[in-house]
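Asker: Chains as they are written, first to last, in our numbering: chain A, -4 to 517; chain B, -4 to 517.
Because the hints were derived from the structure by calculation, they are not lab data.
Small disclaimer: the values here were computed from a predicted structure and weren't measured.
Each hint should be verified, as a subset may be incorrect.
Same chains, same label: a pair holds when it works inside one copy or across any pair of copies.
[Stated by the list, open to error] Straight-line Cα separation of at most 25 Å, SDA-like style, residue types lysine to any residue; simulated pairs:
hint: 1; residue 1: Lys165; residue 2: Pro38
hint: 2; residue 1: Lys410; residue 2: Asp45
hint: 3; residue 1: Lys315; residue 2: Pro221
hint: 4; residue 1: Lys165; residue 2: Asp205
hint: 5; residue 1: Lys165; residue 2: Ala37
hint: 6; residue 1: Lys410; residue 2: Ser48
hint: 7; residue 1: Lys315; residue 2: Pro347
hint: 8; residue 1: Lys410; residue 2: Val270
hint: 9; residue 1: Lys243; residue 2: Asn411
hint: 10; residue 1: Lys165; residue 2: His30
hint: 11; residue 1: Lys410; residue 2: Val215
2 protein chains.
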Amino acid sequence: MAMGNKLVKNAAGRMVPLEINGQPVTPYMGVGKYHPRGIKHAPPIASCADYPSDGNKLVPSLKEALKKCGLKDGMTISTHHHFREGDLVANMVFDCASELGVKGLRWFPSASFPCHAYLMKYLDDGTISHIEGSMNGPLGRYCSEGKMNKTAVLRSHGGRYQAVQDGEVKIDIAVIGAGCADTFGNANGLEGPSASGGLGFALADSQYADKVIVVTDNLVPFPCIPWQIQGNYVDCTVQVDKVGIPEKIISGTTKVTRSPDRLLIAEMTARFCDVTGIIHDGFSFQAGAGGTSLSIGIYFGDIMRKKGIRARFARGGSNKYLVSMLEEGLVDYILDGQTFDLDGVRSIRDNPGHVMTSPFTSYNYHGKGNFAGMVDVVILGATEVDMNFNANVVTHSDGYLLHGLGGWQNCLFGKNVILPIPLFRDRIPVIREEVTTICGPGELIDVIITERGIAINPLRKDLIEKARNADLPLKTIGQLREEAEKICGKPENPVFTDKIVAAIKWVDGTIIDVVKQIAVDR
Amino acid sequence: MAMGNKLVKNAAGRMVPLEINGQPVTPYMGVGKYHPRGIKHAPPIASCADYPSDGNKLVPSLKEALKKCGLKDGMTISTHHHFREGDLVANMVFDCASELGVKGLRWFPSASFPCHAYLMKYLDDGTISHIEGSMNGPLGRYCSEGKMNKTAVLRSHGGRYQAVQDGEVKIDIAVIGAGCADTFGNANGLEGPSASGGLGFALADSQYADKVIVVTDNLVPFPCIPWQIQGNYVDCTVQVDKVGIPEKIISGTTKVTRSPDRLLIAEMTARFCDVTGIIHDGFSFQAGAGGTSLSIGIYFGDIMRKKGIRARFARGGSNKYLVSMLEEGLVDYILDGQTFDLDGVRSIRDNPGHVMTSPFTSYNYHGKGNFAGMVDVVILGATEVDMNFNANVVTHSDGYLLHGLGGWQNCLFGKNVILPIPLFRDRIPVIREEVTTICGPGELIDVIITERGIAINPLRKDLIEKARNADLPLKTIGQLREEAEKICGKPENPVFTDKIVAAIKWVDGTIIDVVKQIAVDR
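Build out the structure end to end from the sequences listed, making use of the hints.
Answerer: Here it is as structure tokens:
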């Protein structure tokens, strides 16, 4: 079912609708150009008179809890993705909904993973109408093939907080899985078989949802300390056998790259940061958990040791490498959004310098500032980058929507944004005339570092000046593209139908781009 | 200026108005009887586009910050009382307001202290129209004498959070003094010359005020960890020479009583809790910082050691005695609202078992439950108790309003509420036919323990049953009153005018009683 409404060209030059799923939306207007009006979402006032005076909110089953919270057709149900590929909670929720015969639910996860392909049957039978949230893998493919009943909406971590805070998305029932909780609903992800580290992705849900259910497989006597989720926001608690599969929660994505090309990119990135003075005493950095990023972190550590300097803070996702830098004293603080391995979980639990953050503190663009702009250097990935430094992280060059936005858009507000990426992947060039989907505007992307050269955004004259005299292979983005096309040939563009299957929101809630249905099933 | 509007009898039998300072109010309807409708207060949506991208919100002076936040006539300005008698911030705020020529401000402190008597000149000259918040000492006397331009409103800690959350009190500008802060506005009370422990009393202010200013004398590089106050709520930060007077912040109220009568009361209270089974493995208690309460805590410790049991948690105000119980392993957790001495500050900073709470977690009656109801035994004071176990904490028997409500009303929701009080003070009986001001309804007050006997509320048949066979001097409340009057004579009642000078709110925002102007200046 194609969207009937008119498309307009937004400030990123993309044609976007003025309405999604029957709700008006605002086209992207440029960085910092959209000014929100109005007030935050205000959930109903509760009263202790309506809750057990001894604080025990335990309900016998998740199904009972959902009934108690008034689950009905068309509601919005949220979950978080701290259990990643090991999550069992979202699937349980919709099993219950299906058993209760409820239809047309909007699923609002902070992200979905391949383990949630299980839910396709509920998308097929109308239990779930659509997903608003990042879709990693099969559900993204399902969406790309036009099989979802309504339009998906993808938001960054910060954008998700913003949407909930601003009342763009009203959550009827939030279901929050927790490694550890008490019967009052205080919860954390630090202990128990399903420990996941922090629970920050569920913060907005707990604060703004009408009804909140905490589900745990590890009930502890009140008080559950620390209360990453506060029981005062929680309506019901539920004990189940398992909320997650431990070995898949801690997914072990944290492997340093062994590819010589990637190692070269990592080394060049670190050297670039060194010669341009980005690495200095008291600086801050954010690096992901991918293989290249991990290597960059290790090179950063070497430089810091050699110079005898420290970083004031590192933004996480945390892993054993970052934790070892904290423990060595190379960084004063890890400000952590999610822990990727057991060293991360242990550290955030035991080390006062390893601090849980949330999309509110780190990324919410509709706050009075956030942490993103304070980070000296941010290392990010991309599936594609174009001649204007615009970048894509959600679709592949074949047009399939296979990744979420994560904190990527939010991190673009860092002081120096570097994308260390290979010039091509599987003989498909990464640098293109135009990206398939614009997720981030080029004006916020400062440096592209490939194995065959470094392109600095012409807007960053200061960086060009500083890098000029170093022994670095500086090129223009056009030169990089030509090199890639010389090797791989000019890439073909995917063919789409006119049907919009997903909207990509910018950090301020405006629509920066859309994803269309794949025309040809390959 | 007497209030023109009609008085009605509320469920506590007191005559209360339907309007205060021109705003409609609801008379107290009984415990758990008032059901709030509507939604929480929603502050304006902000945008990072309007805040410095590097996170530095420092403004040269408090006056500049107040101007930047749009200070103008008739606004509501809030402050917190974590600096207690050592607070310098509130006085600074109104000095600035006066210099700027602003008039008619509503001051909304979490409590005021004798050090704020300085502000009488601004109440006199109309800079401040009135105070909504507890008034300890001189300002309460000023209010009792009818000198305030509008009616004062007193709320419990939880009631203050409720009022802000529910939009009953809209804070225009919150000014939050902090022992430690960064330029982004992250703040805590754990470090620096003006360390005060937690900053929980300012939580609602940070979340719901239109504009928030953090003032510190101890600026640290970002990130200030932990962020008890989150910079994402903060508009401006200000550095000043001193936010407080250290030796008055840590006021040393923590002296164990030496009075033989008080010691007898303390010992009886502990014994009562022992024989009735209130003290059991995993129990919880809340005891204040007064001399008798401290002694009770020490007796509790003795009993626990003898029995080889532990408390799951103690609710604070914390002090060195409670901290030593935590360190000894007699209590698993201190859930702390305010730290009364340096041992408390050290412990809440360094001991993960010593946890900061806020009026939201502990006391907010318009939440989905709170901690108050989970506490097994609560030890509270009172200036007066009447035949129905109603109690007063704000006025003396001479009619003067000299104390705040603190967390007293909120704590009445504990499972067992005990008032260990002397039978008389300065030859004035504490147990009366009727209390001067009802602050808490008798149905929530379980036991009165005096040096001459124990009265159990007839509603608590279970406690009467359990205490019956112990060697305890059980009496009726009437017998206690008769004994007091035999010794002191029948007390005279104070004489009031018709003018209502202060309203006492119940935990749900309804009016439980009023205080009238003293007729005769003694």
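Asker: Which holds for Lys410 with Ser48 at a C-alpha limit of 25 Å: within a copy, between copies, both or neither?
Answerer: between (50 Å within a copy, 9 Å between copies)
Asker: Given a CA cutoff of 25 Å, do Lys165 and Asp205 count as a within-copy pair, a between-copy pair, both, or neither?
Answerer: both (8 Å within a copy, 22 Å between copies)
Asker: Are the CA atoms of Lys165 and Pro38 at most 25 Å apart within a copy, between copies, both, or neither?
Answerer: Intra 9 Å, inter 17 Å, cutoff 25 Å: intra and inter.
Asker: At most 25 Å between alpha carbons: which applies to Lys410 and Val215, within, between, both or neither?
Answerer: between (43 Å within a copy, 21 Å between copies)
Asker: Please sort Lys315 with Pro221 into within, between, both or neither, judging by C-alpha distance up to 25 Å.
Answerer: Both: 22 Å inside a copy, 23 Å across copies.
Asker: How would you label the pair Lys165, His30 (within, between, both, or neither) given a Cα cut-off of 25 Å?
Answerer: Close inside one copy (21 Å) and across copies (23 Å); limit 25 Å.
Asker: Go through the copies and call it for Lys315 and Pro347: within, between, both or neither, with a Cα cutoff of 25 Å.
Answerer: Both: 16 Å inside a copy, 23 Å across copies.
Asker: Which holds for Lys243 with Asn411 at a C-alpha limit of 25 Å: within a copy, between copies, both or neither?
Answerer: Neither. Shortest intra-copy (33 Å) and inter-copy (46 Å) distances fail the 25 Å Cα cut-off.
Asker: Given a CA cutoff of 25 Å, do Lys165 and Ala37 count as a within-copy pair, a between-copy pair, both, or neither?
Answerer: Answer is both: 10 Å inside a copy and 14 Å across each meet the 25 Å cutoff.
Asker: Give the relationship of Lys410 and Val270 under a CA distance limit of 25 Å: within one copy only, between copies only, both, or neither.
Answerer: Answer is within; shortest intra-copy Cα gap is 16 Å, inter-copy 65 Å.
Asker: For Lys410 and Asp45, with the copy left unspecified, which applies at a CA distance of at most 25 Å: within, between, both, or neither?
Answerer: For Lys410 and Asp45, the Cα distance is within 25 Å only across copies (17 Å; inside one copy 48 Å).
Consistency with the previously given hints fails for number 9 only.
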